[in-house]
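There are 2 protein chains.
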Amino acid sequence: MKDFKIYEEMLDTRQYNALRSELIEQNSADIAQLIESVKVDKAVLIFRMLPKDMEAEVFAELPPDVQESLIGIFSETEIQSIVEELFLDDAVDFIEEMPAGIAKKVLATAKPETREEINRLLKYPEDSAGSIMTVEYVDLKSEMTVREAFSRIRRTGTDKETIYTCYVTDSERRLVGVVSAKRLMLAERDEIIGDIMDDTNLITAETLEDRELVAHKVNKYDLLSIPVVDMENRLVGIITIDDIADVIEEEVTEDFQKMAAILPSDKPYLKTHPVLLAKNRVVWLFVLMAAAMITGGIIGKYEEAMLALPLLGTFIPMLMDTGGNSGSQSATMVIRGMALMEITPRDFFKVVWKEMRTGLLVGLGLSVVNFVRVWITFRGHSEYSEDIIRISATVSFTLFFTVVVANLVGGILPIIAKKCKIDPAVMAAPLITTIVDALSLIVFFALATALLL
Amino acid sequence: MKDFKIYEEMLDTRQYNALRSELIEQNSADIAQLIESVKVDKAVLIFRMLPKDMEAEVFAELPPDVQESLIGIFSETEIQSIVEELFLDDAVDFIEEMPAGIAKKVLATAKPETREEINRLLKYPEDSAGSIMTVEYVDLKSEMTVREAFSRIRRTGTDKETIYTCYVTDSERRLVGVVSAKRLMLAERDEIIGDIMDDTNLITAETLEDRELVAHKVNKYDLLSIPVVDMENRLVGIITIDDIADVIEEEVTEDFQKMAAILPSDKPYLKTHPVLLAKNRVVWLFVLMAAAMITGGIIGKYEEAMLALPLLGTFIPMLMDTGGNSGSQSATMVIRGMALMEITPRDFFKVVWKEMRTGLLVGLGLSVVNFVRVWITFRGHSEYSEDIIRISATVSFTLFFTVVVANLVGGILPIIAKKCKIDPAVMAAPLITTIVDALSLIVFFALATALLL
Numbered sequence: 001m002k003d004f005k006i007y008e009e010m011l012d013t014r015q016y017n018a019l020r021s022e023l024i025e026q027n028s029a030d031i032a033q034l035i036e037s038v039k040v041d042k043a044v045l046i047f048r049m050l051p052k053d054m055e056a057e058v059f060a061e062l063p064p065d066v067q068e069s070l071i072g073i074f075s076e077t078e079i080q081s082i083v084e085e086l087f088l089d090d091a092v093d094f095i096e097e098m099p100a101g102i103a104k105k106v107l108a109t110a111k112p113e114t115r116e117e118i119n120r121l122l123k124y125p126e127d128s129a130g131s132i133m134t135v136e137y138v139d140l141k142s143e144m145t146v147r148e149a150f151s152r153i154r155r156t157g158t159d160k161e162t163i164y165t166c167y168v169t170d171s172e173r174r175l176v177g178v179v180s181a182k183r184l185m186l187a188e189r190d191e192i193i194g195d196i197m198d199d200t201n202l203i204t205a206e207t208l209e210d211r212e213l214v215a216h217k218v219n220k221y222d223l224l225s226i227p228v229v230d231m232e233n234r235l236v237g238i239i240t241i242d243d244i245a246d247v248i249e250e251e252v253t254e255d256f257q258k259m260a261a262i263l264p265s266d267k268p269y270l271k272t273h274p275v276l277l278a279k280n281r282v283v284w285l286f287v288l289m290a291a292a293m294i295t296g297g298i299i300g301k302y303e304e305a306m307l308a309l310p311l312l313g314t315f316i317p318m319l320m321d322t323g324g325n326s327g328s329q330s331a332t333m334v335i336r337g338m339a340l341m342e343i344t345p346r347d348f349f350k351v352v353w354k355e356m357r358t359g360l361l362v363g364l365g366l367s368v369v370n371f372v373r374v375w376i377t378f379r380g381h382s383e384y385s386e387d388i389i390r391i392s393a394t395v396s397f398t399l400f401f402t403v404v405v406a407n408l409v410g411g412i413l414p415i416i417a418k419k420c421k422i423d424p425a426v427m428a429a430p431l432i433t434t435i436v437d438a439l440s441l442i443v444f445f446a447l448a449t450a451l452l453l
Numbered sequence: 001m002k003d004f005k006i007y008e009e010m011l012d013t014r015q016y017n018a019l020r021s022e023l024i025e026q027n028s029a030d031i032a033q034l035i036e037s038v039k040v041d042k043a044v045l046i047f048r049m050l051p052k053d054m055e056a057e058v059f060a061e062l063p064p065d066v067q068e069s070l071i072g073i074f075s076e077t078e079i080q081s082i083v084e085e086l087f088l089d090d091a092v093d094f095i096e097e098m099p100a101g102i103a104k105k106v107l108a109t110a111k112p113e114t115r116e117e118i119n120r121l122l123k124y125p126e127d128s129a130g131s132i133m134t135v136e137y138v139d140l141k142s143e144m145t146v147r148e149a150f151s152r153i154r155r156t157g158t159d160k161e162t163i164y165t166c167y168v169t170d171s172e173r174r175l176v177g178v179v180s181a182k183r184l185m186l187a188e189r190d191e192i193i194g195d196i197m198d199d200t201n202l203i204t205a206e207t208l209e210d211r212e213l214v215a216h217k218v219n220k221y222d223l224l225s226i227p228v229v230d231m232e233n234r235l236v237g238i239i240t241i242d243d244i245a246d247v248i249e250e251e252v253t254e255d256f257q258k259m260a261a262i263l264p265s266d267k268p269y270l271k272t273h274p275v276l277l278a279k280n281r282v283v284w285l286f287v288l289m290a291a292a293m294i295t296g297g298i299i300g301k302y303e304e305a306m307l308a309l310p311l312l313g314t315f316i317p318m319l320m321d322t323g324g325n326s327g328s329q330s331a332t333m334v335i336r337g338m339a340l341m342e343i344t345p346r347d348f349f350k351v352v353w354k355e356m357r358t359g360l361l362v363g364l365g366l367s368v369v370n371f372v373r374v375w376i377t378f379r380g381h382s383e384y385s386e387d388i389i390r391i392s393a394t395v396s397f398t399l400f401f402t403v404v405v406a407n408l409v410g411g412i413l414p415i416i417a418k419k420c421k422i423d424p425a426v427m428a429a430p431l432i433t434t435i436v437d438a439l440s441l442i443v444f445f446a447l448a449t450a451l452l453l
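Which chain is which? The protein sequence lines are D and W, in order. Residue numbers for the first sequence follow the working numbering, so the first one is 1 and each next one is one higher. Residue numbers for the second sequence follow the working numbering, so the first one is 1 and each next one is one higher.
One or more of the hints may lead you astray.
All copies of an identical chain are treated as equivalent in the list; a pair is satisfied when it fits inside any one copy or across any two copies.
[Said to hold, decoys possible] Here are the simulated DSSO-like cross-link-like pairs (lysine-lysine), alpha carbons at most 27 Å apart as the crow flies:
hint	residue 1	residue 2
1	K42	K220
2	K39	K350
3	K418	K258
4	K217	K271
5	K220	K160
6	K271	K419
7	K39	K267
8	K141	K182
9	K5	K220
10	K350	K42
11	K421	K271
12	K160	K182
13	K220	K182
14	K258	K350
15	K160	K217
16	K271	K418
17	K39	K217
Just so you know, these hints were derived from the structure itself, not from any lab.
This is chain D alone, in the form it adopts within the complex (with noise of 0.2 Å):
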């Protein structure tokens, strides 16, 4: 569906049948955009046309912002109907999404099992595992054949958000194997799924677990789906695939938001309110400016190598850039690397040791040809020339120092974030510039005094 013209064309020209016949051939992801790129009154129109088990996969692909103004012209019965055909996960995640007094609404609409239902999942804290789990999985029990197995998911499998991988209980709920549907094809219609199952090393999630965790360990050990247990270890819920896809790309917008100093949100940027926007934005550029103005404060106390020597003022923007560059290098490389749980807390020492020769090495290399450079550009200038060498020693030593210290700090400073419980993308580019900077002009200037006055 490239063109979502010529449908609203068929809308207008009140084509109905024709549109509805274009409609049930296409993917729900693309009806979901059609009916978001439309006005509500034509999007309600679009939605009615749709066959009954094409509308929950639609409106579970819609924003929330859609699905609300949908709601709000739903009569009861289709709110009902959506309600029930959801999967439980896409419920939660509908209503949890909804302002409290239409979620209230949905929820009184749902038929009672459903309703509790959705209000046990809706307990589970944000980012846990049990919030983003569903309950409509396959559950087998160890003595059954891999026939009856069969006929067990021919009769219920149609509403399972997965069969791929199916569960396998004891009689208190408990999970004692997994078996893939490849499996179960594979193997002869008399085997016992008892036989077949995997029931070593099983890979589960626990309801509290973070859901980044969870997501670690599903892309780990390349699973379809993970099984969800309760502190018993009984089987509560599974998360598919598809949905641990979603947290992985949140988290990931999480962190590049946290790493450039905003506080996270994961509303699309079309449709966040500039207030909003800048709400996020400003809480942290408030921290940071006070901060810098500590580092202003180290120019106003150099005031008088300042004008005994006005040149240095040149110098601070390619020191603090540099600076701030290079501790923001080192911060993403470490911050990424973490969040790939490829450096753990308890890889400190390599990650210093790394970062320092890594700097020693960037240092050297940017201070050799900043001192060229600063002697080449002032050579010729009667006024510095007698003192050209120690000018382009302070600057080119200040850079090398200026280096080695960002890189150290970038490198440190998410890994003790991490240690504290916080979350090491805060440690980024920002805070780590502003650090790096204090130190830089302190150096710089202490080494002006001592050199050049």
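Fit chain W to the given chain D structure using the hints.
Showing chain W alone in chain D's frame:
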């Protein structure tokens, strides 16, 4: 497998049988981690203990440096057996990572058919769909019955990378439909594949399509695998979701690195030599250092202003840092939005309008606070008391201007880059900081000269 120590101990005390029966219970990802954590001679011992069918699985999970040292020790027969057992996409991945000499040796030991297949896949450009696809998929014919399809899957399924989506081709290998294992399992045995398959709006990738776009499709349509077709719509391979997850992880890491002005590398941080780390970091630092010298030149031009009122210098870090931080906030939001395909170049004016309003709000907030803070700080200093309002106004207006410009530049540059087919991620913080710094200082000194001197 939490603690590798006991396995190493079992190895050291030659409890080979016990260790072997422990190992076969483990997940291949964990065994790979164990092998990675021990010295190479032990690694070989452990590897040789694995049953044939686990060898390839574990080998595919190993990082390239460990694969390389193992290959150096393995006999030709061992290498051949591993290459034959590997899924083709894993074999290609592995050979691509090896130094030329070893790649050649591995290819030479492979069986002719395998070698030919591998060589064909090696020809696809890096980052293309072709380069990450595998040819081990289930293909069905539309005239088959479900029963025949099942027996085909049971006959050939073990060696397929996934059996959960089956691809239906015609006599010329053109893709005509897709049928999921779920659909097959829920269907009657004598239904015809052609009747139950999906044959409209098939989601496919082209061999030369960028793998990032393919990953986006797989996520958007919640697929478990995507068929890859050539220009004549002939099915040539599939890409499974686990490989898509790897692509996304690599692309995100690359974005993080580019945004921190680092040349991207997919080697894990802890395994990268400081010389390579330094090389990847120093290139952009040179460029940005040169640019910052231009900014420094601006300060140099206003030497007289600085001499007349040295206080001006103390505001420079605050202006530079806040400008850099604001710009990087906007750039991050827009770059991430584009990576998620939420923002396209067509949204240019929407972004401009949003960033302008956000910038005005943030700028207003920061500059009011700054005005008050400067006024409070300096009202006690007799030397500034008569100028205090004008000083506060100069700094605050520059700050306001800086933030608005930073927001606009940060929002616009990534979109322009995208439009010019440059990766927007390189237009991130460092570059924007440099541009904003220069503009900010020019305005600052111009205002100061006009108002204060």
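These are the hints, each one checked on the structure:
no. : hint        : verdict
1   : K42 x K220  : between (44 Å within a copy, 23 Å between copies)
2   : K39 x K350  : between (57 Å within a copy, 18 Å between copies)
3   : K418 x K258 : both (14 Å within a copy, 24 Å between copies)
4   : K217 x K271 : between (32 Å within a copy, 22 Å between copies)
5   : K220 x K160 : both (24 Å within a copy, 20 Å between copies)
6   : K271 x K419 : between (36 Å within a copy, 22 Å between copies)
7   : K39 x K267  : within (20 Å within a copy, 48 Å between copies)
8   : K141 x K182 : both (17 Å within a copy, 20 Å between copies)
9   : K5 x K220   : between (43 Å within a copy, 21 Å between copies)
10  : K350 x K42  : between (60 Å within a copy, 23 Å between copies)
11  : K421 x K271 : between (32 Å within a copy, 25 Å between copies)
12  : K160 x K182 : both (17 Å within a copy, 10 Å between copies)
13  : K220 x K182 : both (20 Å within a copy, 25 Å between copies)
14  : K258 x K350 : both (25 Å within a copy, 24 Å between copies)
15  : K160 x K217 : both (22 Å within a copy, 23 Å between copies)
16  : K271 x K418 : between (32 Å within a copy, 21 Å between copies)
17  : K39 x K217  : between (42 Å within a copy, 26 Å between copies)
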